[in-house]
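Q: Chain B is already provided as a structure; the job is to place chain Y on it using the hints.
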Amino acid sequence: MNFDWMAWTAPTAAFFLIIFCLLVTLTVWEIRNPGGSPRLGILRFETTRGDRLFVSLLGAAFIHIIWLALFGDALSLWWAFAIACVYAVGVFRWV
Amino acid sequence: MIVKQTNQKAWFMVLPVFLVVAFSAVIPLMTVVNYSVQDTFGNNVFFWVGMDWFKELIHSDRFHAAFLRQLLFSGIILAIEVPLGIVIALAMPRKGWGVPVCLISMALPLLIPWNVVGTIWQIFGRVDIGLLGHSLASLGIDYNYTQDPIAAWLTVIVMDVWHWTSLVVLLCYAGLCSIPDAYYQAAKIDGASRWSVFRYIQLPKMQRVLLIAILLRFMDSFMIYTEPFVITGGGPGNSTTFMSIDLVKMAVGQFDLGPAAAMSLVYFLVILLLSWVFYTVMSNIGENSSNGGGR
Numbered sequence: 004m005n006f007d008w009m010a011w012t013a014p015t016a017a018f019f020l021i022i023f024c025l026l027v028t029l030t031v032w033e034i035r036n037p038g039g040s041p042r043l044g045i046l047r048f049e050t051t052r053g054d055r056l057f058v059s060l061l062g063a064a065f066i067h068i069i070w071l072a073l074f075g076d077a078l079s080l081w082w083a084f085a086i087a088c089v090y091a092v093g094v095f096r097w098v
Numbered sequence: 017m018i019v020k021q022t023n024q025k026a027w028f029m030v031l032p033v034f035l036v037v038a039f040s041a042v043i044p045l046m047t048v049v050n051y052s053v054q055d056t057f058g059n060n061v062f063f064w065v066g067m068d069w070f071k072e073l074i075h076s077d078r079f080h081a082a083f084l085r086q087l088l089f090s091g092i093i094l095a096i097e098v099p100l101g102i103v104i105a106l107a108m109p110r111k112g113w114g115v116p117v118c119l120i121s122m123a124l125p126l127l128i129p130w131n132v133v134g135t136i137w138q139i140f141g142r143v144d145i146g147l148l149g150h151s152l153a154s155l156g157i158d159y160n161y162t163q164d165p166i167a168a169w170l171t172v173i174v175m176d177v178w179h180w181t182s183l184v185v186l187l188c189y190a191g192l193c194s195i196p197d198a199y200y201q202a203a204k205i206d207g208a209s210r211w212s213v214f215r216y217i218q219l220p221k222m223q224r225v226l227l228i229a230i231l232l233r234f235m236d237s238f239m240i241y242t243e244p245f246v247i248t249g250g251g252p253g254n255s256t257t258f259m260s261i262d263l264v265k266m267a268v269g270q271f272d273l274g275p276a277a278a279m280s281l282v283y284f285l286v287i288l289l290l291s292w293v294f295y296t297v298m299s300n301i302g303e304n305s306s307n308g309g310g311r
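Going line by line, the protein sequences match chains B and Y.
Numbered by the numbering used here, the letters in the first sequence go through residues 4 to 98 in order.
Numbered by the numbering used here, the letters in the second sequence go through residues 17 to 311 in order.
Careful, some of the hints might be misleading.
Unchecked claim - Computed footprint of chain B on chain Y; a stretch qualifies when at least three of its residues, placed anywhere within it, have a C-beta under 8 Å from a C-beta of chain B:
1. 42-50
2. 60-69
Unchecked claim - Pair by pair, the computed Cβ-Cβ distance ranges are:
3. Y:PRO129 with B:VAL31: 39 to 47 Å
4. Y:LEU288 with B:ASN5: 15 to 23 Å
5. Y:LEU87 with B:LEU46: 20 to 28 Å
6. Y:SER40 with B:ILE22: 16 to 24 Å
7. B:THR12 with Y:ARG78: 21 to 29 Å
8. B:ILE22 with Y:TRP27: 30 to 38 Å
9. Y:ARG210 with B:ILE69: 42 to 50 Å
10. B:ALA72 with Y:THR22: 41 to 49 Å
11. Y:TYR199 with B:THR28: 40 to 48 Å
What the hints assert, rightly or not - Sample of chain B residues facing chain Y (criterion: CB under 10 Å; computed from the structure):
12. THR12
13. PHE18
14. ILE21
15. PHE48
Keep in mind the hints are simulated off the structure, nothing from the lab.
Even for Gly, the Cβ is constructed at its ideal location relative to N, Cα and C.
Chain B with its partners taken away, still in its complex shape (with noise of 0.2 Å):
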């Protein structure tokens, strides 16, 4: 089978190994521990393990472009990651 069309890249590999791995891990917490965990966070309204991965992916999606946007070549891209990793540790502990 050939995959050439999707125009793989080693970064992009990366990047969706990481997000399967993430999936997975919660897959196993969830067998583990069912029932998602869910609490009332400092957002006032209730959320499970996988609301919380999700807003983690999407905060960091979107710490990324505004990154881009501010610094675009100033500073390493890699400085938006680190925010990013904080905020989703953030979002598993308070939200």
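A: For chain Y alone, coordinates are given in the frame of chain B:
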């Protein structure tokens, strides 16, 4: 220790849907992500450009203008269609021969394909042969959607209201029909006004269907392509070039697959974010009103 046995066979039932979604959505989305960081001149030859297309897009006036037009269009559509849909649903009969007549009349615009709706309104609005355009011209109103941006916007908005308000009406009507008579009887005994009945009985009971209606109308209007493309082709100038039209121009017209892929991803993220915000806010309003708002 008690071990709870769970039957996992249901996963096999989900497998066909999973495969269809993977084939029709996940794999194309992965390809778009791959394209967004590369440039190509065809023949499956790609050059790595990193985040260049995203940087170009974020600072592009063309993208900003299309994005603002899209937001404005969706805002106007929701501001008109949702209240109008509720009012029509409230005015529809609940019993008798009027019910099927109203339901069928409401369903008719929804059955017409997008490109046909576009063609109907394209002809309807023409000054030379269209009933609307010709009538307005006869009244001395300067209306020409091919030259005047305001006329083009009005035509596209009125067309969308004509096409899609029915969806909001039908959903609200379904919500209203599910309210037991006992609620109205209790309100009557309490001497509740028409407004109180609407505010404290009908609106809370319609909350779920309204959520679906708003989400569907937002997503659909934010992705609108066919109707404005058929009516105005994105013009006059770029006045009705919404994001999807701009995207197609970029991807198919200019064959700029990399920038178009980057734009698709940003477009997708914005839809995802706004839909999530709508969903979360409205479901929480519903939760709060069902927990403590029942007066």
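Q: Taking the hints in turn, state whether each one holds.
A: Hints, one by one, checked against the model:
no.	hint	in the structure
1	42-50	holds (count 5)
2	60-69	holds (count 4)
3	Y:PRO129 with B:VAL31: 39 to 47 Å	holds, 46 Å
4	Y:LEU288 with B:ASN5: 15 to 23 Å	violated, 31 Å
5	Y:LEU87 with B:LEU46: 20 to 28 Å	holds, 23 Å
6	Y:SER40 with B:ILE22: 16 to 24 Å	holds, 19 Å
7	B:THR12 with Y:ARG78: 21 to 29 Å	holds, 27 Å
8	B:ILE22 with Y:TRP27: 30 to 38 Å	violated, 21 Å
9	Y:ARG210 with B:ILE69: 42 to 50 Å	holds, 47 Å
10	B:ALA72 with Y:THR22: 41 to 49 Å	holds, 47 Å
11	Y:TYR199 with B:THR28: 40 to 48 Å	holds, 47 Å
12	THR12	holds, 6 Å
13	PHE18	holds, 7 Å
14	ILE21	violated, 13 Å
15	PHE48	holds, 5 Å
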